[in-house]
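Colleague: These are the residues of each chain, in order.
There are 4 protein chains.
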Amino acid sequence: MKVIIVYHSRFGHTKLQAEAVHRGAAGVEGIDASIFTTEEALENAEQLDQADAIVFGCPTYMGSLSAGMKSFFEQVVDRWFKLAWKDKVAGAFTNSSSFSGDKLNTLMDIVVFTLQHGMIYVGTGTHPATSHPDSMNSVDGPGPEVENRLGSSVGPMAASFQVKPPAAPPKGDIATAEAYGKRIAQITKRLRG
Amino acid sequence: MKVIIVYHSRFGHTKLQAEAVHRGAAGVEGIDASIFTTEEALENAEQLDQADAIVFGCPTYMGSLSAGMKSFFEQVVDRWFKLAWKDKVAGAFTNSSSFSGDKLNTLMDIVVFTLQHGMIYVGTGTHPATSHPDSMNSVDGPGPEVENRLGSSVGPMAASFQVKPPAAPPKGDIATAEAYGKRIAQITKRLRG
Amino acid sequence: MKVIIVYHSRFGHTKLQAEAVHRGAAGVEGIDASIFTTEEALENAEQLDQADAIVFGCPTYMGSLSAGMKSFFEQVVDRWFKLAWKDKVAGAFTNSSSFSGDKLNTLMDIVVFTLQHGMIYVGTGTHPATSHPDSMNSVDGPGPEVENRLGSSVGPMAASFQVKPPAAPPKGDIATAEAYGKRIAQITKRLRG
Amino acid sequence: MKVIIVYHSRFGHTKLQAEAVHRGAAGVEGIDASIFTTEEALENAEQLDQADAIVFGCPTYMGSLSAGMKSFFEQVVDRWFKLAWKDKVAGAFTNSSSFSGDKLNTLMDIVVFTLQHGMIYVGTGTHPATSHPDSMNSVDGPGPEVENRLGSSVGPMAASFQVKPPAAPPKGDIATAEAYGKRIAQITKRLRG
Numbered sequence: 015m016k017v018i019i020v021y022h023s024r025f026g027h028t029k030l031q032a033e034a035v036h037r038g039a040a041g042v043e044g045i046d047a048s049i050f051t052t053e054e055a056l057e058n059a060e061q062l063d064q065a066d067a068i069v070f071g072c073p074t075y076m077g078s079l080s081a082g083m084k085s086f087f088e089q090v091v092d093r094w095f096k097l098a099w100k101d102k103v104a105g106a107f108t109n110s111s112s113f114s115g116d117k118l119n120t121l122m123d124i125v126v127f128t129l130q131h132g133m134i135y136v137g138t139g140t141h142p143a144t145s146h147p148d149s150m151n152s153v154d155g156p157g158p159e160v161e162n163r164l165g166s167s168v169g170p171m172a173a174s175f176q177v178k179p180p181a182a183p184p185k186g187d188i189a190t191a192e193a194y195g196k197r198i199a200q201i202t203k204r205l206r207g
Numbered sequence: 015m016k017v018i019i020v021y022h023s024r025f026g027h028t029k030l031q032a033e034a035v036h037r038g039a040a041g042v043e044g045i046d047a048s049i050f051t052t053e054e055a056l057e058n059a060e061q062l063d064q065a066d067a068i069v070f071g072c073p074t075y076m077g078s079l080s081a082g083m084k085s086f087f088e089q090v091v092d093r094w095f096k097l098a099w100k101d102k103v104a105g106a107f108t109n110s111s112s113f114s115g116d117k118l119n120t121l122m123d124i125v126v127f128t129l130q131h132g133m134i135y136v137g138t139g140t141h142p143a144t145s146h147p148d149s150m151n152s153v154d155g156p157g158p159e160v161e162n163r164l165g166s167s168v169g170p171m172a173a174s175f176q177v178k179p180p181a182a183p184p185k186g187d188i189a190t191a192e193a194y195g196k197r198i199a200q201i202t203k204r205l206r207g
Numbered sequence: 015m016k017v018i019i020v021y022h023s024r025f026g027h028t029k030l031q032a033e034a035v036h037r038g039a040a041g042v043e044g045i046d047a048s049i050f051t052t053e054e055a056l057e058n059a060e061q062l063d064q065a066d067a068i069v070f071g072c073p074t075y076m077g078s079l080s081a082g083m084k085s086f087f088e089q090v091v092d093r094w095f096k097l098a099w100k101d102k103v104a105g106a107f108t109n110s111s112s113f114s115g116d117k118l119n120t121l122m123d124i125v126v127f128t129l130q131h132g133m134i135y136v137g138t139g140t141h142p143a144t145s146h147p148d149s150m151n152s153v154d155g156p157g158p159e160v161e162n163r164l165g166s167s168v169g170p171m172a173a174s175f176q177v178k179p180p181a182a183p184p185k186g187d188i189a190t191a192e193a194y195g196k197r198i199a200q201i202t203k204r205l206r207g
Numbered sequence: 015m016k017v018i019i020v021y022h023s024r025f026g027h028t029k030l031q032a033e034a035v036h037r038g039a040a041g042v043e044g045i046d047a048s049i050f051t052t053e054e055a056l057e058n059a060e061q062l063d064q065a066d067a068i069v070f071g072c073p074t075y076m077g078s079l080s081a082g083m084k085s086f087f088e089q090v091v092d093r094w095f096k097l098a099w100k101d102k103v104a105g106a107f108t109n110s111s112s113f114s115g116d117k118l119n120t121l122m123d124i125v126v127f128t129l130q131h132g133m134i135y136v137g138t139g140t141h142p143a144t145s146h147p148d149s150m151n152s153v154d155g156p157g158p159e160v161e162n163r164l165g166s167s168v169g170p171m172a173a174s175f176q177v178k179p180p181a182a183p184p185k186g187d188i189a190t191a192e193a194y195g196k197r198i199a200q201i202t203k204r205l206r207g
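Protein chains in written order, with our numbering: chain H, 15 to 207; chain A, 15 to 207; chain F, 15 to 207; chain S, 15 to 207.
These are calculated hints, taken from the structure and not from any lab test. Heads up, a few of these hints could be off.
Stated by the list, open to error - Chain H residues, not near chain S, derived (Cβ > 12 Å throughout): (1) Met122; (2) His146; (3) Ser149; (4) Lys196.
As the list claims (entries may be wrong) - One side only, chain S facing chain F, incomplete, derived with CB under 8 Å: (5) Leu97; (6) Lys100; (7) Met122; (8) Leu129; (9) Gln130; (10) Ile134; (11) Tyr135; (12) His141; (13) Val168; (14) Ile201; (15) Arg204; (16) Leu205.
Where a beta carbon is used, it is the ideal one built from N, C-alpha and C, also for glycine.
Kindly generate the complete structure, drawing on both the sequences and the hints.
Modeller: Dropping the structure here:
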């Protein structure tokens, strides 16, 4: 089973998130996990064709997916003409410098793209951290070390408050991404096994 | 393998679409397909818990999912607390009285709901009808008899121009819904078999 | 100039947010600001027709606008048939128990509704708090006392971590809502003066 | 009052739509209307700063705004840092080769961008064509010559079924765009006069 992470990152925050998704997938028995920048993915497009799952991640810039990721989407349009990625597992993740910061819109841009390709979309499959005993009934809410503190179900979200990598994204957001990689790999084994 | 269609319909258009999804699923070998209104689904909630796939459909009213469907979503919140529907297959469909009519927003409302439940989301897996030889290079575009004439990938869309059921939704939109039911059933067999 | 806040709230968090929007609008010279629950709004629908601005707010439940608000939207459909609210100023706000929690989707549901009515949509008009000196380069990010800590531009977001009102939403989210009421009132004076 | 149309178009369909929005705005007394490609807009960015209204339009590619437009959005980020476009009127339009084709998602990408800039968003302000006597109770729905046949409220949508410009977008979609330009100009005069 082959899982590929394709990411776009300018300052390195989303790269750390991508590496965590990759680590989570790679740790599942029977999974061959690779990680590509969008540029590397274009050079190795035949590997995408052979993959069982592809997970796409990029920063949220100005309220939607980054131009870097969108440009990649447009450059692989020939795969869409052939529905070459149909029935592969798909996933999405994003990072920005706010708690919320319109990150959902980026994930939705990616969800629509993957469904246009006929892929099968997998979300985080976890509750928001606010059902975690440590963060319930706290005005401050879940801290930066808590998994799924941002409460996303569509895909992992990370918030990097202009702190340079590797200080950001924080531990909790990295854990969210790693758990997602594991989930993607497990669903891929069930669907494509 | 158990597939359940849950729908809300006021005038009967969405009901016809739901019946087509049900027909498509029921026609796949090894599939036990049921169809419930949102009221019936609440009365038979334990059947939803036992299902392998649940497909949700409702009209697009004022640009989002109908209050009837949303009320159902809120009444099954106990399933979300337990993530009781995690890893089931999910799908969505909608009908309104315009070609576009903000139908995508309704499908997205349902997609987010199913991903909050940890379900695995399956779209139409087909090209828009505009790659169909009969509709290419036609100013009018694909007619009401053409499958996926509306060009949706997230889930089947239907357009019923205030014509009473069974005259609307038209043949092409019904075929789109039926093909979707078949796809949902096939993916369910692969993922949950 | 008449500004009306219409809100749906079950546990009282969104009510506090609505009252803050109202307070912000009422504090602007020349503004007559009212606040209605969705039930009161239906009983006083002629006041909505006379308003220069209407701001809609509700909790985010299961990833979209609450059934209570959606039901209200469907019950005022006669106003849409007549485009009776065309060119009025519109706004939206929401609360949920996560930092992010798919709140953007609720705001978008309301934005589409107001644009279907031909209303003029006004967002927060402010930067995310992450450009605030106190929260830059902090792993924790902006605290609960900081305005627009959640980084929303479409409309005010609040996060109430299951803490009972009036302890939640926190001070920063209330300030965000109040500043939004003021902005709505000021734009209303410019557009409708 | 200065209205600027900024568009990205690869094959010329969206260009025709942009020219129609421009024509509609230019026809309103007291309006100085300009039209720029995204490249021209970058070269004349100070004109955008002086504008009273900016309308953004691009094709829907793979379910979201084109990389060409997104790249432009990222290149004018310095305007966002200064909120230099705050309180200007904003609008959006899009074209694709399907009736629906996930066009709403592109408009939403643009709406979020404009609200991040603190702009005031104006939609079509019209009913869907399906309330038009000629298209009611017709299985086929409104033809290509009917204004707002696609039923959009967020901004003009056009469907060009792979027919080369100027045969597509069809007459009705061009009329929708022209009416929108007129509306943008009129609201601009009211808000910024």
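Colleague: Would you mind marking each hint as holding or not holding in the structure?
Modeller: Now for the hints, and whether the structure bears them out:
no., hint, result
1, Met122, "7 Å, violated"
2, His146, "30 Å, holds"
3, Ser149, "28 Å, holds"
4, Lys196, "27 Å, holds"
5, Leu97, "7 Å, holds"
6, Lys100, "6 Å, holds"
7, Met122, "6 Å, holds"
8, Leu129, "4 Å, holds"
9, Gln130, "4 Å, holds"
10, Ile134, "6 Å, holds"
11, Tyr135, "4 Å, holds"
12, His141, "7 Å, holds"
13, Val168, "5 Å, holds"
14, Ile201, "6 Å, holds"
15, Arg204, "6 Å, holds"
16, Leu205, "5 Å, holds"
In this structure, only the earlier hint numbered 1 is contradicted, and the remaining ones agree with it.
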